[in-house]
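Work out the full structure, taking the sequences as your base and the hints as a guide.
Residue numbers (this note's numbering), protein chains in the order written: chain A, 1 to 326; chain B, 1001 to 1260.
One or more hints might be untrue.
[Unchecked claim] With a straight-line cut-off of 30 Å between C-alpha atoms, the simulated DSSO-like cross-links for lysine-lysine are:
1) K1255(B) - K311(A)
2) K1154(B) - K184(A)
3) K1028(B) - K317(A)
4) K139(A) - K1028(B)
5) K1256(B) - K294(A)
Simulated from the structure, these hints should not be mistaken for laboratory data.
Please read all numbers here as calculations on a predicted model, not as lab measurements.
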Amino acid sequence: MSDIFVIVEHRLGEIRDITFEMLWKAGELAENLSHSVSAVLLGHEVSSIAEDLSDRADQIIIYDDERLKNFSADLYKEIIAGLIEETKPPLILIGSTSWGMELAPCLSIKTGLPLATDCIDILSENGRFIAQRQMYNGKIFANVSFAETSGCLFTIRSGVFPKDKIGDRQAQKIQKGFPLIDIKPGKTFVEFVETAAGDVDITQAELLVSVGRGIGEEENIALIKELAEALNGVVSCSRPIVDKNWLPKYLQVGTSGKSVTPKVYIAIGISGAFQHMAGTNGAGTIIAVNKDPKAPIFRTAHYGIVDDLFKIVPVLKDKVLEAKKG
Amino acid sequence: MDIVVCVKRVPLTEEVDLVIDAQKKGVKKDQLAFVLNDWDNYAIEEAILLKEKHGGTVTAITVGNEDDEEVLRRCLAMGADRAIRVEAGDMSRFDSFGIVKILSQVVKDLPYDLVFTGVLADDDSYGMVGMMMAEELNLNHSSMVTAIELEDGKVRTTSELEGGLGEVSVVDLPALITIQTGINEPRYVSILGIRKAAKKELKVMDLAELGVSDGELAPRAIIEEVYLPPETEGAQILTGDPDKIAGDLVEILTKKGVME
Ligand SMILES: Cc1cc2nc3c(=O)[nH]c(=O)nc-3n(C[C@H](O)[C@H](O)[C@H](O)COP(=O)(O)OP(=O)(O)OC[C@H]3O[C@@H](n4cnc5c(N)ncnc54)[C@H](O)[C@@H]3O)c2cc1C
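Here it is, written out as C-alpha cells:
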C-alpha cells in the first residue's frame, strides 16, 4: 500500500483550511486506489495539531523541533525531500498558498519530481495522476499529466474541495527526529504584520458595491462611491485598485484581502479571478456588471449585466434615488 | 547592486473569445494583442527603483522569439541597462522546467546580487519559474514580496500571506525574489522612450551558445488537453436598455432587502 502525502499547513497554532481540503481529496483518492493517507506535519509543539488531524489520515509523520517554529521553505524542503527519498510516495499534495508556492517549486527541483500548480482537481487514470487546472484567468481549462516518474507534486487551490472528513481513519503518529541537516536557512523570519484597519469594515457590510480594473481611471471611482452612497452601501474593490493606490488595502476583497458576507455584492468591472471570488463565497447574491460576456464572473454571479459600466452605473444610481424617494 | 529580471510577454485575453488550437494543446494566439506580464512590470520597476537608489545595473531577460523583444524594449525604456533574449525556437516544446533551465544557464554567468521574477504569468499561471530557479541556482529566496529594503549584504522582504497578513524576513544576498503586484507604481513608458532605448544593448543568444541540449530540456509536465470551461448554470443575464436594466436591478435589490 503506498501513501498519498499531504503537507500540513498551519499558522500561529491553527491548522489552515487548505490542509483539511487536501486531506479530503487525498482520502477520496486513497479509497478508490487503496492507498493510505499520510499527513506530514512539521513544526514546534504541534501535538494538539496532530490530535486534530488524527481522524483524517492513516499516519501522521511528525517532525517537531524548535528550528521549525516558523515556516521555512528551506527547512521544509530539505526534510520533505529526505522523506520522499525514503518512502517514494506516488503523490504529494501541498497548498497553493503563499507558503506552498514557495516550497513546492524548490521541492520539485530538489527531488526531480514533476509539479503541477494551482490544481482544481486530481483525476486518476490507469495508475497515473492528472491535474486539472485553469489558465488565462479561468477562461481555459487544462489537463496536465507527467512523464514516467516515481511520484509527483501537486499544489491545490484553496476552497475547491470540502473541508469534511472522509472515510473512517485513525492515525498512527510517527515521531521523527530532526534530520541532522547542516543547512543554515538563507531566510530568517522576523515578524508578521497585519494590514492597517480603516474607518469602515467591509466584512460587516450588508451591501457592497465593489469596483475593479474595468473602472479605468482613478477619478471614475467617484461614480462607484455615488452609487454606493445612493444605496446606503459600502465600497469595496478588487486587488488592482489597491495596487494602484486608488483605494486602501482594507477595502480589498479576496484571498489576500478580506472575505465578505453581504446580502448583496455588486461587482463592477471585475473579471472574477478566483483569488477575488474566494472572498465572496459568503455573499448572498452576486450581481456582476462587465462588458465581456466571457468574463469568468458570470459563471458564479447570480445576476449579470453584459454592458459598459459607464452606461449602467449612472442610470442605476438615478433609479435607486428615485425609488427611495417614492 | 546588480539585478537580473526575468520577464515574459503574455497575451491580453479580456473581451476576446479564446479559440483552442487544432491539437488542443493551447489557444490560437495570432489574433491576440500582447503585453508585458503584469507581475513582471512590477518586478522591472522594483529593480530600477533599487538601482536609482543604490547604483548598479539592471538586466532584463526573456526566452522567446523576435516578437518578444517588444517587452525587452519596454524594460530598456523604463531604465534597464541591457537586455538578453534567448532564441529557443518552438517554445511549445518546453514546460516551466525547461524555461527554468534556460534562464538559469543565462543568469549563472551574469554578475548579480538579486534576481527577480514575477510571482506568476498571466497566461498559464503556473507560478513556479521563480522558485524553481532559486533552487536550480542554489540561491536564497523570498516569494510573493510586496516590500524590499536593502541592508548590509542582506535584504529585508515582506511576503504577502493570505487575508492581508504580511511576513517580514531577512534574506542573505545573493537572492532570488518573486515580486507581487502593488509593490510599487510602475512608471509610464512613452513611444518616444521606447525609440530612444533602441540604442541600448539587446543581446540575442541561442541554446547552443548556452550549452543546453534539447535532451536536458525535455518537459516533465505534458498538457494532455485544453478545453473551454465546463458549462455552469451561470448568471441570469438582465437584458434591455440601461433604463430597463436599472429598473430590474432596483427590483432585485428591493427583493433582497437592501433598499430600505
Ligand atoms: C497570490 C495572489 C493573490 C491575489 N489576491 C487577490 C485578492 O485578494 N483580491 C483580488 O481581487 N485579486 C487578487 N489577486 C489578483 C487576481 O488574480 C486578479 O488579477 C484580479 O482579481 C483582477 O482584478 P479585476 O477583476 O479588477 O481586473 P481584471 O481582471 O483586469 O478585470 C477587469 C474587468 O473589467 C471589465 N471591464 C473593462 N472595462 C469595462 C467597462 N467599461 N464596463 C464594464 N466592464 C468593463 C473587463 O471585461 C474585465 O473583465 C491575487 C493574485 C495573486 C497571484
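Outcome of the hint check:
1. K1255(B) - K311(A): holds (24 Å)
2. K1154(B) - K184(A): Between K1154(B) and K184(A) the Cα gap is close to 15 Å, so the pair holds against 30 Å.
3. K1028(B) - K317(A): Distance ~41 Å between K1028(B) and K317(A) Cα, so the pair is violated.
4. K139(A) - K1028(B): Given that 30 Å is the threshold and the Cα spacing comes to 13 Å, the pair holds.
5. K1256(B) - K294(A): holds (26 Å)
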